[in-house]
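Okay, here's what each chain looks like letter by letter:
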Amino acid sequence: MNETKYMNPYLAGFLLGLLLIITIFITGRGLGASGAVKSVVVASVNSLAPEHANTQKFYAEYNSEHQGEPLKNWLVFELVGVVIGAFISGLISDRLSLKFEHSPKIRNTTRFVAAILGGILFGFGSQLGRGCTSGAALSGMAVLSYGGIITMMAIFGGAYLFAYFFRKLWI
Amino acid sequence: MGPLVPDIIGNELNYVVALIIGIAFGFILEQAGFSTSKKLVGLFYGYDFTVLRVFFTAGVTGMIGVIALGHFGLLDLNLIYVNPTFLWSAIIGGFIMGLGFVIGGFCPGTSFCAAAIGKTDAMVFIIGLVIGVFLFAEGYPALESIYKAENWGYVRIFETLNLSQGVFAFLLTLVAILAFWAVTYIEKRVNKETILKPVPVYVTLSVIAIIIGFSTVFMPDRRENLLAKVEKAEVLKSNEIEYITPDELTLRLVRNDNTLQIIDFRKKEDIDSVTLPNSFPMKIEEMFDKDSKKILSKRSKDNIFVCYDGSIAKKAALLGRELGYKNIVVLEGGFNLFKDEILNFKNFGFNGQNTDDTHRFRAEASVILNKKIAEAGKNKGDAGTKKSKRIIGGC
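First to last, the sequence lines map onto chains A and B. Residue 47 in my numbering is what sits at position 47 of the first sequence, and the numbering runs on without skipping anything. Numbers in my numbering are just positions in the second sequence, counted from 1, shifted up by 1000.
Check the hints yourself; a few may be wrong.
Using C-beta positions, here's what the derived DEER-type ranges look like [claimed, not checked]:
{"#": "1", "chain 1": "A", "residue 1": "K72", "chain 2": "B", "residue 2": "L1087", "range": "25 to 33 Å"}
{"#": "2", "chain 1": "A", "residue 1": "K72", "chain 2": "B", "residue 2": "L1337", "range": "48 to 56 Å"}
{"#": "3", "chain 1": "A", "residue 1": "S103", "chain 2": "B", "residue 2": "Y1202", "range": "26 to 34 Å"}
{"#": "4", "chain 1": "A", "residue 1": "L96", "chain 2": "B", "residue 2": "Y1185", "range": "31 to 39 Å"}
{"#": "5", "chain 1": "A", "residue 1": "L98", "chain 2": "B", "residue 2": "E1150", "range": "42 to 50 Å"}
{"#": "6", "chain 1": "A", "residue 1": "E61", "chain 2": "B", "residue 2": "R1390", "range": "24 to 32 Å"}
{"#": "7", "chain 1": "B", "residue 1": "K1148", "chain 2": "A", "residue 2": "F165", "range": "28 to 36 Å"}
{"#": "8", "chain 1": "A", "residue 1": "L11", "chain 2": "B", "residue 2": "L1074", "range": "23 to 31 Å"}
{"#": "9", "chain 1": "B", "residue 1": "A1149", "chain 2": "A", "residue 2": "L11", "range": "17 to 25 Å"}
{"#": "10", "chain 1": "B", "residue 1": "T1204", "chain 2": "A", "residue 2": "S103", "range": "31 to 39 Å"}
Calculated directly from the structure, the hints in this document are not laboratory data. For each residue, glycine too, the CB sits at the ideal point set by N, CA and C.
Hey, can you work out the whole structure from these sequences and the hints?
This is the structure we're talking about:
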């Protein structure tokens, strides 16, 4: 296979760690991802069903915290950057191509259902757990947050626990 | 000094910073191979532990960096965002995410990376994310009780384990290195590789990492460190402190001397009942804060430290010297003596005659000063109660 080589994982981890330190030093907060999705969801509900956004507690609380501008959020800008950065990386390493990736042993529809279901679970869980792998687990570990590290252990522990039942999706 | 937001970098510029940091974040994740689900779930089946290596290295590097910045006083650890602990939601949310991880093959950040280079399965995952967040939002009224249960606040993990920050960091570094060696072994077995000998470069790197990790043991947070030092050094260094007598302070106050300001270390309710003119309330722990810095580092001002009997003010003065503040003077005998000698001065019927100068001075000054204090009490509140707050972050 003519696969472009990935960066050494320890080097990548070290660079990511440095980026995390710089981020905390400059902004006082860590990296994140799921929070940006939340902003987009709230913004969409605001424009599609403003009545509903006013009465539902979740949106109302979020809007009051963001002065009614849910998209003007640090994580939204950061995530736009993530997409740009990943695109540049893919361009440099010659990995840009439209591809529906899945194990050869499963059908497209199976992967489709799994991807969307996995997304739903992750999206839901990230809201309940106040952050995802980036915001809660990684950033939480850097500042030694108890909650962040508990969430990290639950994510990876949970994944190991359930891995056996979904092995056919991958191996 | 740090965090630079919001004092040095404004909130608008912070969005530009966010974009740049995001670009670096996305670039590194993609270069590490986090843009393919096959690689991401590898660690759960033992054939590819890239995620664990990148993740753990990044976490440990970040942790050591933050500890070092805190130790050298470059970053105020009390202002940075520490994810709050809500025990049940952290555990249940984590498990749901873990389930989502093995089914969907991505986590939120990595799915955006993968989508950026054209992985359509990642785009499907993102649609799922949006639906998932929407479902949570809609179900929030029912979920709120779990979401907000067992609120422990901004707990840090070493506190719950009764370890110092440095010792915990060192142990975590060791765990990470052990994990790296263990997973490399597992990976080679699963992928049926025959060469199981350790790579010399990684032996060297492990040793370096252990040394760096161990150094965190000697890097207590600057704040804790100084507070402990001040407690111990109190007796030793007390002769290095400058003092002012109640009479001298009174004279300067009566003369409306504006080259002095009073830093009051008494309890809030006591300050409220008797507010000294031109005074700022402060607590010893607050001396590290940016707001206190603004007050204490004013030019050509003598900072008169006042507490009840002078003992807290003395510690605060030592701490102030350690923090590099000059012109710190402690009120001898504290507020109690000041009150006895000046504010509550009783003339014992001498009526200003045949008394020594001190008596006459105190008698007159007492009247003037009590007026000033009454005024200061009225004007209080415009001193500005704005405080630097902990930054709100997270997802």
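Cβ distance range 26 to 34 Å for S103(A) and Y1202(B), holds or violated: holds, 30 Å
Take the C-beta atom of E61(A) and the C-beta atom of R1390(B), compute their distance, and say whether it sits inside 24 to 32 Å. Distance hint for E61(A), R1390(B) is violated at roughly 19 Å.
Please check whether K1148(B) and F165(A) have a Cβ separation lying inside 28 to 36 Å. holds, 31 Å
State, for the Cβ atoms of L11(A) and L1074(B), whether the hinted interval 23 to 31 Å holds or is violated. holds, 25 Å
Kindly confirm whether 48 to 56 Å is satisfied by the beta carbon distance between K72(A) and L1337(B). At roughly 55 Å between Cβ atoms, L1337(B) and K72(A) fall inside 48 to 56 Å, so the hint holds.
Are L96(A) and Y1185(B) spaced within 31 to 39 Å by their CB atoms? holds, 35 Å
C-beta pair T1204(B), S103(A): status relative to the range 31 to 39 Å that was hinted: holds, 37 Å
That 17 to 25 Å hint for A1149(B) and L11(A) (C-beta), does it hold up? violated, 41 Å
For the hint 25 to 33 Å, verify it against the beta carbon of K72(A) and that of L1087(B). holds, 32 Å
Please check whether L98(A) and E1150(B) have a Cβ separation lying inside 42 to 50 Å. holds, 45 Å
Hint check: violations occur at hints 6 and 9; the rest are consistent with the structure.
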